[in-house]
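Enquirer: Residues per chain, in single letters:
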Amino acid sequence: MKIRVKFRKYGAVRFIGHLDVMRFFQKALRRAEIDVKYTSGFSPHPIMTFASPLGVGLESNGEYMDIECESVTDSQDMKRKLNQASAPGIEVISVKELPKEAGNAMASVAAAEYTIRFREGRMPCLDFSAKIPQFLSQEQVFVEKETKTGHKEVDIRPGIYEMSVCLQEGGGLAIHMVVDASSAGNLKPAKVMEAFCKASGCSLEENALQITREEVFTWALENGEKKLVPLEEIGTDIGTI
Amino acid sequence: MEKLALSDDILMKIEKPARYIGHEVNAVIKDKSKVDIRFVMCFPDVYEIGMSHLGIQILYDMFNTMEDVWCERVYSPWVDLDAIMRREKIPLFALESQDPIKDFDFLGITIQYEMCYTNILQILDLAQIPLLATMRGEDMPIVIGGGPCVYNPEPIADFFDLFYIGEGETQYGPLLALYRECKASGVGREEFLRRAAILPGIYVPRFYEATYREDGTLASFGPNREGVPAKVRKEVVMDMANTYYPRKPIVPYLKVTQDRVVLEIQRGCIRGCRFCQAGQIYRPVRERDVEEMKRYALEMLKNTGHDEISLSSLSSSDYSRLPELVDYLIEECQKRHVNISLPSLRIDAFSLDVMSKVQDVRKSSLTFAPEAGSQRLRDVINKGLTEEAILNGTALAFHAGWTRVKLYFMLGLPTETPEDIRGIAELSNKIAATFFEEIPKEERKNGRVQIVSSTSFFVPKPFTPFQWARQCSKEEFLEKAYFTKRCIGEQLNQKSIKYNWHEADASVMEGVLARGDRRLGQVILKAYEKGCFYDAWGEYYQNDKWLEAFQECGLSMDFYTRERGADELFPWDFIDCGVTKEFLKREWDKSLAGVVSPNCRKQCQGCGANRFGVGVCFEPREAK
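Listed in order, the protein sequences are those of chains A and B.
In terms of the numbering used here, the first sequence has 15 at position 15, counting the first letter as 1, and numbering is strictly consecutive.
In terms of the numbering used here, the second sequence has 260 at position 260, counting the first letter as 1, and numbering is strictly consecutive.
The hints are simulated quantities; they were obtained by calculation from the structure and are not laboratory data.
Quantities reported herein were computed from a predicted structural model and do not represent experimental measurements.
Think of the CB as a built atom: it goes at the ideal place given N, C-alpha and C, for glycine as much as any other residue.
Please note that a few of the clues may not be correct.
[Unchecked claim] Listed below are several chain B residues computed to face chain A (Cβ distance under 8 Å; list not exhaustive):
1) E2
2) D8
3) M12
4) G305
[To be verified] Coverage of chain B stretches by chain A, computed from C-beta distances (three or more under 8 Å per stretch; other residues unrestricted):
5) 118 to 127
6) 253 to 259
7) 298 to 304
8) 332 to 340
9) 353 to 363
Please model the complete structure; the sequences and the hints are all you need to start from.
Expert: Right, here's the structure in full:
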């Protein structure tokens with residue numbers, strides 16, 4: 001049985017790296033006594049896949065982990081057990097069963113949505129509502145990318161699906177964006193911001209951005225139309241028996 | 001959002017920020033307005049090392065069961081953060097509350113090895129606590145030292161307000177009660193220390209004075225004021241069944257050295273190897289109750305989610321209920337997909353059977369610690385491991401599928417000759433030969449056998465029969481290592497043998513600090529001021545700076561490595577660790593004569609530890 005777990009990561013634990021989050025869940029699954037399937041051999045470990053590694057320092061409201069279970073209770077019960085076994089800042093928000101044919105979390109990732117805030121005093125002096133459309137109106141946006149052999153110019157414009165400025169609760173501006181997060185074309189939001197600032201004639205200060213991943217999407221067909229949907233929508237609630 | 005002592009800018013810049021943010025599963029958070037005593041426990045090394053230490057977990061659990069006490073943790077900031085904290089004057093903070101530790105009531109530092117002494121100064125310095133105990137004001141925490149190194153606390157005496165000698169479970173209750181009383185009645189730091197000095201196991205260095213002879217040896221050592229005891233006796237847990245054990249140990253996010261449930265099955269060791277300090281200072285041997293161990297194992301696995309459990313003791317094979325415990329663990333762990341690791345097992349038919357059940361024999365290696373290459377020298381050090389036992393054990397293991405063997409030896413042991421060193425190479429060769437003799441060609445799975453022989457350099461330690469022994473110089477050590485390498489190169493099966501040896505200069509320094517006196521405090525301080533810290537990390541150890549420090553203080557390292565006089569007063573003689581100096585001297589004499597001593601279960605050697613009235617000393621003896 002394939003199970004998809006959606007969780008948030010916020011607060012101090014944003015400084016825990018991706019590998020450590022994986023180790024955290026291996027242990028949390030045992031603490032929660034989830035009947036997860038193990039690999040065989042002398043050092044068995046739970047079968048699990050994560051959608052997309054989150055960089056150190058980023059918060060998220062939409063992280064995904066797929067596990068395989070031998071048996072399950074119901075969504076609410078599993079969520080409650082996982083949260084009891086969790087740590088402050090890692091909060092499970094949904095547990096869903098995946099259809100048999102569903103691709104795993106990592107393979108199906110298509111895009112991710114981010115909110116980008118600026119640290120105090122580090123917001124570039126820009127008219128965002130004017131500059132963002134200008135930036136998006138370019139047909140190509142080349143950035144330098146490090147490769148194994150050296151540097152390469154890549155066009156990131158096709159990977160920027162949405163970008164806008166929004167007003168946060170309590171005032172202050174934030175940037176909202178949806179970008180390619182597939183294994184082939186994964187775009188880092190900080191890279192987009194850098195390119196945007198450069199194109200707008202200013203530069204970003206070091207560590208200026210506070211980035212929150214809001215959601216991770218996959219492509220789905222809806223009424224014959226290809227559409228981005230949140231990964232959790234592929235699954236269904238497991239009801240009480 | 002939770003409070004963090006370090007800014008995002010800093011946390012994003014440094015390696016492994018998870019070392020400094022706390023918030024691990026099972027970390028204890030209390031309301032600080034509701035506690036009277038703030039205690040911070042420190043392991044003066046990097047997080048991944050410090051978090052692997054069982055002793056702190058036991059005391060952390062014990063303190064936090066006390067309602068009015070909140071015990072937190074702190075470890076050495078790594079060199080990257082260290083530089084930032086100095087530059088930006090950020091005071092060192094505790095992981096749980098992220099509050100500066102200079103505002104705490106107590107800073108307890110566990111001192112597990114000599115090469116962390118400069119890291120103690122780093123902790124104090126970053127915490128903005130005066131390095132010298134007598135310079136600390138009323139508002140500064142009481143700095144306590146504990147752990148094996150405090151069996152000779154003299155080299156670091158200047159930096160501590162008090163030392164706790166022995167096992168931590170027993171006297172912290174009374175010590176904290178005294179602290180509450182002193183705080184309530186408004187008597188100051190000095191008076192608290194004066195009263196603490198009378199408690200069992202507590203040593204307050206400022207109330208003791210040393211005088212020296214012209215040749216540099218100790219002339220006298222004792223209290224400098226009335227009412228302070230001349231001898232400090234170590235503390236021992238009398239009832240291993242009714243004591244603290246952390247059923248909910250902290251689960252780090254980072255992969256730490258000991259990333260597993262640790263079950264301490266016994267304290268002490270019956271063996272009495274003459275180089276081994278742990279084997280003497282943790283006497284008498286006390287076993288934990290097997291039923292309790294089974295219960296704790298399951299509870300801890302449930303509370304941590306760890307996927308591995310390890311037994312901890314100096315010599316697991318000597319735990320009388322081992323087969324029962326291991327059978328139980330194998331059954332329960334298999335159900336839970338949990339691995340079992342069994343260190344410090346003697347290799348015999350039983351242990352090989354157990355190990356083949358719990359590990360992949362093709363991927364794991366067998367470990368022997370003969371410590372010396374020849375039977376003669378093994379008798380000198382009282383290592384009761386014979387060549388026959390090793391060869392029989394490896395033969396069995398080779399048949400069971402193992403192809404990798406690790407061997408540990410020491411170079412520079414008392415009475416060592418070139419023949420003894422050659423023995424290291426010959427024993428390694430014989431093991432390889434055993435493989436080729438025992439296993440027919442077609443059954444050799446990996447085709448070959450791999451022997452890894454490692455040597456460390458012998459460091460004489462206080463409270464061992466070898467506390468009188470001379471320690472070799474760096475040059476002698478290196479010569480011995482090169483000779484070992486040559487001898488191994490001469491063996492028929494040399495291609496199957498890999499040889500590793502340790503750095504020599506740090507081993508010499510370790511020996512100097514281990515048997516040092518109070519005068520070394522200024523050397524340690526000077527070395528630290530010159531930039532020494534993380535001395536236990538080969539890449540950071542700066543021998544030249546230490547040598548300069550010795551020179552500038554007018555002290556000679558040779559004085560500390562020399563053979564000690566039979567009647568010499570040692571800096572650590574004021575500590576009563578249970579084992580008497582007469583016994584140690586007897587063992588020293590026996591070792592020089594090459595005479596072995598049977599273990600505690602075979603025949604009592606009258607070491608003196610029976611006066612604690614517990615443990616192996618009172619078990620019925622095996623039939624002779």
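Enquirer: All hints, please: hold or fail.
Expert: Right, here's what the structure says about each hint:
1. E2: holds, 5 Å
2. D8: Since the shortest Cβ distance to chain A is 7 Å, the answer is holds.
3. M12: holds, 5 Å
4. G305: holds, 3 Å
5. 118 to 127: violated (count 0)
6. 253 to 259: Per the Cβ count (3), the hint holds.
7. 298 to 304: It holds: at least three residues are needed, and the segment 298 to 304 of chain B offers 4 whose Cβ sits within less than 8 Å of chain A.
8. 332 to 340: holds (count 3)
9. 353 to 363: n = 3 at 8 Å, threshold three: holds.
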